[in-house]
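A.B. asks: So the sequence lines, in the order shown, correspond to chains F and H.
So in this note's numbering, the last spot in the first sequence is 386, and the numbers never skip.
So in this note's numbering, the last spot in the second sequence is 386, and the numbers never skip.
None of these hints come from the bench; they were simulated from the model.
Ideal placement from N, C-alpha and C gives every residue a C-beta, glycine not left out.
Be careful, since some hints might not be right.
[Said to hold, decoys possible] So these bits of chain H aren't anywhere near chain F, every CB distance computed over 10 Å: (1) Gly28; (2) Thr58; (3) Val107; (4) Asp144; (5) Trp147.
[Unchecked claim] Among chain F residues calculated to face chain H with C-beta under 10 Å, some are: (6) Arg7; (7) Ser14; (8) Leu53; (9) Asp217; (10) Trp240; (11) Leu251.
[What the hints assert, rightly or not] The list that follows gives simulated cross-link-like pairs (lysine to aspartate or glutamate, EDC-like), each with its CA atoms no further than 20 Å apart: (12) F:Lys43 - H:Asp47; (13) F:Lys291 - F:Glu36; (14) H:Lys43 - F:Asp55.
2 protein chains.
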Amino acid sequence: MTQAIDGLTSRAMDAAPSITRELANTAMGTQGLIPLWFGEPNEPTPKFICDAATRALADGETFYAEGLGRPFLRHALSDYMTNLYGRQIGSDRIAVTVSGGNALNLAFQSVLEEGDMVATITPAFPNLLAIPRLQGARLITHSMEIRDGRWHLDVDAFLEAAKPAKAVLLNSPSNPTGFMLEHDDMRHILHVLRQRGTWLISDEVYARIVFERTVASSFLDVSEPEDRLIVVNSFSKSWAMTGWRLGWLTLPPSLTPVIEKIAEFSVACAPPFAQRAAVTALAEGEPFIAETIAKYRLALDLVKETLASHPKVTFPVPNSAFYAFFRLNGVEDSVSLARDLIANAKVGLAPGEAFLMKEPGWFRLCFAQTPEQLGEALERLQPWLKQTHG
Amino acid sequence: MTQAIDGLTSRAMDAAPSITRELANTAMGTQGLIPLWFGEPNEPTPKFICDAATRALADGETFYAEGLGRPFLRHALSDYMTNLYGRQIGSDRIAVTVSGGNALNLAFQSVLEEGDMVATITPAFPNLLAIPRLQGARLITHSMEIRDGRWHLDVDAFLEAAKPAKAVLLNSPSNPTGFMLEHDDMRHILHVLRQRGTWLISDEVYARIVFERTVASSFLDVSEPEDRLIVVNSFSKSWAMTGWRLGWLTLPPSLTPVIEKIAEFSVACAPPFAQRAAVTALAEGEPFIAETIAKYRLALDLVKETLASHPKVTFPVPNSAFYAFFRLNGVEDSVSLARDLIANAKVGLAPGEAFLMKEPGWFRLCFAQTPEQLGEALERLQPWLKQTHG
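Chain F on its own, in the form it takes in the complex:
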């Protein structure tokens, strides 16, 4: 009998499966594996946030909610963003979404026609690239380089490459590199894109996972409300709420009604009880964020110390996000080595290929772990780190 999938669209068939997900699937059931491949805090959502959802459930908050989010949450996000960025961001610019991924889907759906081009930077989180591609866009990718041991973006070369693009997609702080754009570059990028009429979709979900300040620089700092700028945020990383699937968009006010319309045909609304948890995270979550960042800083120090002791390991040290993206020089096939590490080191790393890294030998390690787990994982990796000497 013919298989049903012979009738599928090429776009769905051609979508690249997640390399990391496939590795994780093969590792399922490996006893004692320390998985550092996914981008997820090691701790469950704090109790005070869960309790807010529990109370809302007991209060019967289980009905459909407004497509743009409950008014109390949109107002709280408006206050939060206004305080964080020191400029008024009205609740008419806020749309609550069902995850950062859903937010990206809605953003691209409102901006892209079939065949449009989207320009972005690599290495990159693969889902960011898969979303516009699934919507029929073609990608222009521009690679960052390493200069003086730091990630470096040649902004003008990127903008030149991005000329044919209908939209530019940026992710700062970046997964996997921890690279951050600063205001001067942001201003320049926005200026050029504004002149071209190009949309800018800025994924800022790691905005609060920063080690030397309170919040990363944002395109919201340097833009006007009616700029063609859509900023994507998520509750997942800052408040350890990955499983909740809650995010938000900051929009030009004129775009909000359009997003309201198309959100209705996506997931329609975010669960109202989860929105109570979200508003509690905003209201009471700052001490949690501060504690978490302190832990991540220690974890990053531990990784830095270990990797620095191996001269043939390249590790541009990040000051944002919770990933160590490093290279084992001499390794020719990261996917094979990642498999080797599962079997023999019992450590799960994501290979660089997953992030469109062309050079071989790169790996992403998520250090949002307890010091014990992370120390043990690094210890287990030692023989492989040493091998690359020879």
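Since the structure of chain F is provided, determine the placement of chain H on it from the hints.
C.D. replies: Relative to chain F, chain H alone:
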């Protein structure tokens, strides 16, 4: 300054806003309004279901989950479907989704190329039509007729009209009419589509809201696993879980890995604590469904009795779903009358135009209400029901 939205895609701009949503927005703050326009049970989610989510939150089930759903829920859905339909439906055919709408999006995304045609039947729930259209599909719509006071589908005429379609979308039991396809017609439709290689997307979210049996006829009853059939279900209606945004797909086994891949780029996963609530709904929800159906039956009787006393009201009585879809003969503009009803009867009805009903004068009333609320609403409507005599 140019507004940002001048740069938007025509598809997003042209998406029809929800007529009903716009009416409801204008009615916001109308004191004492009885809203019967949305398709939602009047009661919150039962406590035993909420409690399961609460326990899962306390247990720290707040991390990312599998893209196809937690294995325990996929197995429970496999058991539920197998028991309900009396034929083996393996868990390898089940994908948990973030709402029925998300399920429809994934289904169409896997099947449609830009410009493909989708054939469907009207009157219809507008979101069903908006989803493929937003993905670039063109629609072929075929109207049902009323024969001998019942909704009637000329199956062969529909199949003839559907010839150019890449996919057929059916919704049985139907929102808004309560029309149900039976096995003979289903077998015939599937046979013809199978010969053509056409996909069938069957939205069966009202499968359990039926008044003369346990479950509506399903295309799963008459199909083979590798038929090009995708069945959409949801937890919203049967278990009063509208706000939870949980649904599922039943797929040809060969399609499951493709859905897994593209679901990763949609919302990635359903919240794990909500999946505990879902599995509890399946395990312990049958008495709740039975009680609810008994209440809906009484509510339908009440509506029937009221509408039958007005000879110029056309009301093809449904035996599924929780809507009365009726016509006030002589009314030329349902949207205007719906506005009049908000202001003067303080009752919210959805106008037929929202469901692509070409004839004027049709309205949808959701009778999933307490007898008191429903009785009061019907009493308030009396003057308008009488007017149509003259």
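A.B. asks: Checking the smallest CB distance to chain F, is valine 107 of chain H really beyond 10 Å?
C.D. replies: violated, 6 Å
A.B. asks: Hey, is tryptophan 147 of chain H genuinely clear of chain F, shortest beta carbon separation above 10 Å?
C.D. replies: Per Cβ check, tryptophan 147 of chain H is outside 10 Å of chain F; nearest 25 Å; holds.
A.B. asks: Given aspartate 217 of chain F was flagged as interface, is its beta-carbon under 10 Å from a beta-carbon of chain H?
C.D. replies: With Cβ-Cβ at 18 Å, over 10 Å, it is violated.
A.B. asks: So, leucine 251 of chain F near chain H? Judge it on the closest CB pair being under 10 Å.
C.D. replies: With a closest approach of 5 Å, the leucine 251 of chain F hint holds.
A.B. asks: Run the distance test for lysine 43 of chain H versus aspartate 55 of chain F: straight-line Cα separation, threshold 20 Å.
C.D. replies: Status holds; Cα separation ~10 Å.
A.B. asks: If you draw a straight line from the CA of lysine 43 of chain F to the CA of aspartate 47 of chain H, is it 20 Å or shorter?
C.D. replies: Holds: lysine 43 of chain F and aspartate 47 of chain H sit about 16 Å apart, inside 20 Å.
A.B. asks: Beyond 10 Å on every Cβ pair: is that true for aspartate 144 of chain H relative to chain F?
C.D. replies: It holds; aspartate 144 of chain H is separated from chain F by about 35 Å at its closest Cβ, greater than 10 Å.
A.B. asks: If you take the shortest Cβ to Cβ gap from tryptophan 240 of chain F to chain H, is it below 10 Å?
C.D. replies: holds, 6 Å
A.B. asks: Is the hinted pair lysine 291 of chain F and glutamate 36 of chain F satisfied, with a Cα-Cα distance of at most 20 Å?
C.D. replies: At roughly 14 Å apart (the allowed maximum being 20 Å), glutamate 36 of chain F and lysine 291 of chain F satisfy the hint.
A.B. asks: Does the closest beta carbon of chain H sit nearer than 10 Å to the beta carbon of leucine 53 of chain F?
C.D. replies: Holds: closest Cβ of chain H sits about 4 Å from leucine 53 of chain F, inside 10 Å.
A.B. asks: Threonine 58 of chain H clear of chain F by more than 10 Å, beta carbon to beta carbon?
C.D. replies: At about 4 Å from chain F, threonine 58 of chain H fails to clear the 10 Å cut-off, so the statement is violated.
A.B. asks: Hey, is glycine 28 of chain H genuinely clear of chain F, shortest beta carbon separation above 10 Å?
C.D. replies: holds, 19 Å
In summary, the structure is inconsistent with hints 2, 3, 9 from the numbered list given earlier, while agreeing with the others.
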